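Sequence order for the protein chains is A and B. Just so we're aligned, residue 1 is where the first sequence starts under this note's numbering, counting upward by one. Just so we're aligned, residue 1 is where the second sequence starts under this note's numbering, counting upward by one.
Bear in mind the hints are in silico, worked out from the structure with no lab data behind them. This structure is a prediction, so every number in the text was calculated from the model and none was measured. Note that beta-carbon positions come from the ideal geometry of N, C-alpha and C, so glycine has one too. The reader is advised that the hints may include incorrect statements.
Said to hold, decoys possible - Pairs of lysine-lysine, DSBU-like flavour, derived with a Cα cap of 35 Å: (1) Lys71/A - Lys17/B; (2) Lys100/A - Lys69/B; (3) Lys57/B - Lys54/A; (4) Lys69/B - Lys68/A; (5) Lys68/A - Lys37/A; (6) Lys56/A - Lys71/A; (7) Lys56/A - Lys18/B; (8) Lys56/A - Lys65/B; (9) Lys65/B - Lys5/A; (10) Lys37/A - Lys56/A; (11) Lys17/B - Lys54/A; (12) Lys56/A - Lys17/B; (13) Lys71/A - Lys69/B; (14) Lys17/B - Lys68/A; (15) Lys37/A - Lys5/A; (16) Lys57/B - Lys71/B; (17) Lys5/A - Lys56/A; (18) Lys65/B - Lys100/A; (19) Lys71/A - Lys57/B; (20) Lys68/A - Lys54/A; (21) Lys65/B - Lys54/A; (22) Lys68/A - Lys57/B; (23) Lys57/B - Lys18/B; (24) Lys69/B - Lys56/A; (25) Lys18/B - Lys71/A; (26) Lys56/A - Lys57/B; (27) Lys69/B - Lys57/B; (28) Lys54/A - Lys71/B; (29) Lys100/A - Lys71/A; (30) Lys18/B - Lys5/A; (31) Lys57/B - Lys17/B; (32) Lys18/B - Lys68/A.
Said to hold, decoys possible - Over 10 Å on every C-beta distance to chain A, these chain B residues come out as not near it, computed from the model: (33) Asn7; (34) Ser24; (35) Ser33; (36) Gly42; (37) Gln45; (38) Gly63; (39) Ser67; (40) Arg68.
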Amino acid sequence: DQQVKQNSPSLSVQEGRISILNCDYTNSMFDYFLWYKKYPAEGPTFLISISSIKDKNEDGRFTVFLNKSAKHLSLHIVPSQPGDSAVYFCAASGGQGAQKLVFGQGTRLTINP
Amino acid sequence: EAQVTQNPRYLITVTGKKLTVTCSQNMNHEYMSWYRQDPGLGLRQIYYSMNVEVTDKGDVPEGYKVSRKEKRNFPLILESPSPNQTSLYFCASKWGGDSPLHFGNGTRLTVT
Numbered sequence: 001d002q003q004v005k006q007n008s009p010s011l012s013v014q015e016g017r018i019s020i021l022n023c024d025y026t027n028s029m030f031d032y033f034l035w036y037k038k039y040p041a042e043g044p045t046f047l048i049s050i051s052s053i054k055d056k057n058e059d060g061r062f063t064v065f066l067n068k069s070a071k072h073l074s075l076h077i078v079p080s081q082p083g084d085s086a087v088y089f090c091a092a093s094g095g096q097g098a099q100k101l102v103f104g105q106g107t108r109l110t111i112n113p
Numbered sequence: 001e002a003q004v005t006q007n008p009r010y011l012i013t014v015t016g017k018k019l020t021v022t023c024s025q026n027m028n029h030e031y032m033s034w035y036r037q038d039p040g041l042g043l044r045q046i047y048y049s050m051n052v053e054v055t056d057k058g059d060v061p062e063g064y065k066v067s068r069k070e071k072r073n074f075p076l077i078l079e080s081p082s083p084n085q086t087s088l089y090f091c092a093s094k095w096g097g098d099s100p101l102h103f104g105n106g107t108r109l110t111v112t
């Protein structure tokens with residue numbers, strides 16, 4: 001049972017445009033959400049997070065939006081740069097499983113020059 | 001440099017031959033965890049530890065053991081590896097609560 005789903009395995013965006021990565025979750029007890037970025041041959045690195053008391057969090061070119069009623073979050077990258085090409089994982093935690101971080105399947109983002 | 005170190009990076013073994021993947025962190029983190037990454041499934045938690053001598057099962061603990069005798073080390077033990085344990089493994093640590101996880105660079109395990 002996949003509690004966190006990233007339905008797009010891959011996404012291709014032109015350099016300078018906006019990249020939008022989506023993530024859906026099913027567990028209404030989740031109250032903290034994170035995005036990680038992963039380059040080949042490296043471990044995932046933390047990118048940005050959002051608590052369920054907010055609906056938006058911004059850090060430079062990266063913005064995460066949370067829609068609790070739809071159980072949906074998205075990561076916006078603008079403008080997209082070639083160095084943003086990576087696999088992006090969304091993750092969630094909260095409720096009884098607060099010590100467990102549940103990850104989505106990942107979306108491979110490719111930024112084309 | 002603050003880091004999570006896993007060894008080895010690559011490992012090929014045969015079914016049934018016991019192996020250990022080591023994990024060490026130098027950030028004095030209380031929480032440590034092991035994940036496996038498989039195509040189409042993302043990262044799934046195997047075991048986690050909230051502190052020394054405290055370990056708990058994650059979502060896919062079958063076939064694995066862990067121990068947390070010291071704060072900095074959290075080895076993953078496969079007593080009798082099987083081909084379905086062929087995967088990319090990540091160790092991670094954090095302070096606790098909602099602080100973000102810091103990951104090692106992964107161990108690619110192949111069991112033939």
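Status of the hints after comparison with the structure:
1. Lys71/A - Lys17/B: violated (44 Å)
2. Lys100/A - Lys69/B: holds (21 Å)
3. Lys57/B - Lys54/A: holds (31 Å)
4. Lys69/B - Lys68/A: Distance of about 40 Å is beyond 35 Å: violated.
5. Lys68/A - Lys37/A: holds (23 Å)
6. Lys56/A - Lys71/A: Status holds; Cα separation ~14 Å.
7. Lys56/A - Lys18/B: The hint is violated at about 47 Å.
8. Lys56/A - Lys65/B: violated (39 Å)
9. Lys65/B - Lys5/A: This hinted pair holds, its Cα atoms lying about 28 Å apart.
10. Lys37/A - Lys56/A: Measuring from Cα to Cα gives roughly 19 Å; hence the hint holds.
11. Lys17/B - Lys54/A: violated (49 Å)
12. Lys56/A - Lys17/B: violated (49 Å)
13. Lys71/A - Lys69/B: violated (39 Å)
14. Lys17/B - Lys68/A: violated (47 Å)
15. Lys37/A - Lys5/A: holds (16 Å)
16. Lys57/B - Lys71/B: holds (18 Å)
17. Lys5/A - Lys56/A: holds (20 Å)
18. Lys65/B - Lys100/A: holds (17 Å)
19. Lys71/A - Lys57/B: Holds, because 26 Å separates the two Cα atoms, which is no more than 35 Å.
20. Lys68/A - Lys54/A: holds (10 Å)
21. Lys65/B - Lys54/A: violated (38 Å)
22. Lys68/A - Lys57/B: Cα-Cα ~28 Å, so holds.
23. Lys57/B - Lys18/B: holds (20 Å)
24. Lys69/B - Lys56/A: violated (40 Å)
25. Lys18/B - Lys71/A: The hint is violated at about 42 Å.
26. Lys56/A - Lys57/B: Cα-Cα ~33 Å, so holds.
27. Lys69/B - Lys57/B: holds (17 Å)
28. Lys54/A - Lys71/B: holds (34 Å)
29. Lys100/A - Lys71/A: holds (18 Å)
30. Lys18/B - Lys5/A: Roughly 34 Å between the alpha carbons, so the hint for Lys18/B and Lys5/A holds.
31. Lys57/B - Lys17/B: Given pair Lys57/B, Lys17/B holds - Cα atoms ~23 Å apart, limit 35 Å.
32. Lys18/B - Lys68/A: violated (45 Å)
33. Asn7: holds (13 Å)
34. Ser24: Consistent with the label, Ser24/B stays out of reach of chain A, its closest Cβ about 14 Å off (over 10 Å).
35. Ser33: Given a closest Cβ separation of 8 Å, the condition is violated.
36. Gly42: Answer for Gly42/B: violated, closest chain A Cβ roughly 4 Å.
37. Gln45: violated (6 Å)
38. Gly63: Consistent with the label, Gly63/B stays out of reach of chain A, its closest Cβ about 19 Å off (over 10 Å).
39. Ser67: Given that every Cβ of chain A is farther than 10 Å from that of Ser67/B, nearest at about 18 Å, it holds.
40. Arg68: With a cut-off of 10 Å, Arg68/B remains clear of chain A, as the shortest Cβ separation is near 14 Å.
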